[in-house]
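Number of protein chains: 2
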Amino acid sequence: MRTYFDCVPCFINQTLGLVKSANGTDCQAEKVLKQVLTNLASIDYSSAPPVMAQKIYRTLYQVYGERDFYYHEKQRFNTLALEVLPDIIKKIIVAEDVFTEKVKLSIAANIIDFGKNAHLTEHDVFKSLDEAITREIDQEKIQTLKNAINKADKILYLCDNTGEIVFDRLLIESMPLKKITCAVRGKPVINDATLEDAKTSGLIDIVNVIANGSDAPGTVLDDCSPEFRKAFDDADLIIAKGQGNYETLSGVENKRIIFMLLVKCSIVARDIGCPTGMFVIHDKLCN
Amino acid sequence: MRTYFDCVPCFINQTLGLVKSANGTDCQAEKVLKQVLTNLASIDYSSAPPVMAQKIYRTLYQVYGERDFYYHEKQRFNTLALEVLPDIIKKIIVAEDVFTEKVKLSIAANIIDFGKNAHLTEHDVFKSLDEAITREIDQEKIQTLKNAINKADKILYLCDNTGEIVFDRLLIESMPLKKITCAVRGKPVINDATLEDAKTSGLIDIVNVIANGSDAPGTVLDDCSPEFRKAFDDADLIIAKGQGNYETLSGVENKRIIFMLLVKCSIVARDIGCPTGMFVIHDKLCN
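Quick mapping for you: the protein sequence lines, in order, are chains A and B.
Each residue of the first sequence is one higher than the last, beginning at 461 in the numbering used here.
Each residue of the second sequence is one higher than the last, beginning at 461 in the numbering used here.
Treat each hint with caution, since some may be false.
[Claimed, not checked] Restraint-style ranges between C-beta atoms, simulated for each label pair: (1) A729(A) with L655(B): 41 to 47 Å; (2) G484(B) with G737(A): 29 to 35 Å; (3) E591(A) with E582(B): 31 to 37 Å; (4) Q603(B) with A729(A): 49 to 55 Å; (5) F586(A) with D528(B): 46 to 52 Å; (6) K606(B) with D528(A): 56 to 62 Å; (7) D504(A) with A729(B): 35 to 41 Å; (8) P735(A) with H583(B): 20 to 26 Å.
[Unchecked claim] Quick partial rundown of chain B residues pointing at chain A, CB under 10 Å, derived from the structure: (9) D466; (10) I472; (11) D486; (12) A489; (13) L500; (14) A501.
Treat the hints as calculated values from the structure; they're not laboratory data.
Built from N, CA and C at the ideal position, the CB exists for glycine as well.
Start from the sequences and build out the full structure, keeping to the hints where you can.
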């Protein structure tokens, strides 16, 4: 997906959120903001939005030093997800189709996205998870997903955010584990999941997990490690969670990618052709 | 008032709103956006926000040619204000203190600000005017305003927006007309009132009205005409409506300026020291 003019205020808001989180001097904040604005002035709008978000992060690293700007918030939401998990399992275990409920929870947990909302609260997450059970999801698409999983030999599951990864683990537990490789980001960026979160969530205990070698909040293939590129090329099904993965991979040809996401912005909504707030399973080869 | 980092997303949103309103090509939109971002990258944060807004407008003029981007919307809100005026007069004419009600209406009409909300609807304006009568306003400040008006020999009243100017006229009718000069912007900028709106509103029929010679959405003294500067220097009381006039004049020393505004953003609210949404009379020499 290309970058739209309307993405620009979002980049600025992300930058301001990070600058506040970094808690540095006014001089540092001004330096970051000016550099980001300079980058935005020469942006290539044919690139996906996470390519710009990556540049923003690199600017922040230059000014404040390399660090995980949302480290504490990430731990907070991982802990929250792990704490609520047992009660949620009790609720869905009696469902007619547990797999569908797990898909919905994994998409509901996609709300934990500091790129879209740096002021996200526990209440927002509880609400999204609580409502998941009553949310509608396209049953044909669920069946497409199930069939694709059964048919595939090698599945690459691309995780998105911290907290959310706990519910990805819950969903993946219902898949043929030996077929699956999970990928996380290569470095901390926004609140995207890294290998540390794969450990915290327990994902690493059930499937093979690799880092993608990149610090983009999505999957910018040219920026990923050879190990990840091999896993990507070898997979006959890729399940990609979240907007960042949709934005960076929706233009990839000749690859079966099933996107699963909560549509959080009007630009992605327009690109997919659905309203914001939707729980979407988007099969690139079928649409 | 200086420009804060948090003003930057607002500048971008204003630009995007104007670009949509201009209804040009993608190429023109990209040119405007890149130029505005380049300007923002070298912004002087000690300047008031309207100085940057003026630069944005000049960029738009360069790309699309000089025009009044919100011409039709401006006429729409002038017409709306003139249409609702007789009914509103009937309501307030029975009030214990008609002057106070007129001040509140003039501040309530300050909501007609496309810089803050390019998607403003008639409903928003009706709601603001309807609620005006029930809104609280500092009675001590009203008394300060009355006393200052009585005491002053020459009053300069700085108008802000179209539509709103109709309610400024209503308020000014309760002032000693011979003392008053009104000023409007020198050129169309956002939906700020110009001489044409002073005519439409009937203001020009009751007091002396001058244009300030500037295309900034505020009062940037260095940018104003000698005629306006003389009126400013000669006045012993200046009544300044709206955020743009507050932002550009709150730093002026040795001049009695009474600001009257609806506080529409958290940055101005923090600067004044009040919550957003407040009806404020702010007497610079008393605070």
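Hint-by-hint comparison with the structure:
1. A729(A) with L655(B): 41 to 47 Å: holds, 43 Å
2. G484(B) with G737(A): 29 to 35 Å: holds, 31 Å
3. E591(A) with E582(B): 31 to 37 Å: With a Cβ separation near 34 Å, E591(A) and E582(B) satisfy 31 to 37 Å, so the hint holds.
4. Q603(B) with A729(A): 49 to 55 Å: holds, 52 Å
5. F586(A) with D528(B): 46 to 52 Å: Since F586(A) and D528(B) have Cβ atoms about 49 Å apart, the given range 46 to 52 Å holds.
6. K606(B) with D528(A): 56 to 62 Å: holds, 58 Å
7. D504(A) with A729(B): 35 to 41 Å: holds, 38 Å
8. P735(A) with H583(B): 20 to 26 Å: holds, 23 Å
9. D466: holds, 6 Å
10. I472: Since chain A brings a Cβ to about 5 Å from I472(B), closer than 10 Å, the hint holds.
11. D486: holds, 8 Å
12. A489: holds, 6 Å
13. L500: holds, 5 Å
14. A501: Holds, because the Cβ-Cβ distance from A501(B) to chain A comes to roughly 4 Å (cut-off 10 Å).
Violation of the numbered hints given earlier is absent; every hint is satisfied by the structure.
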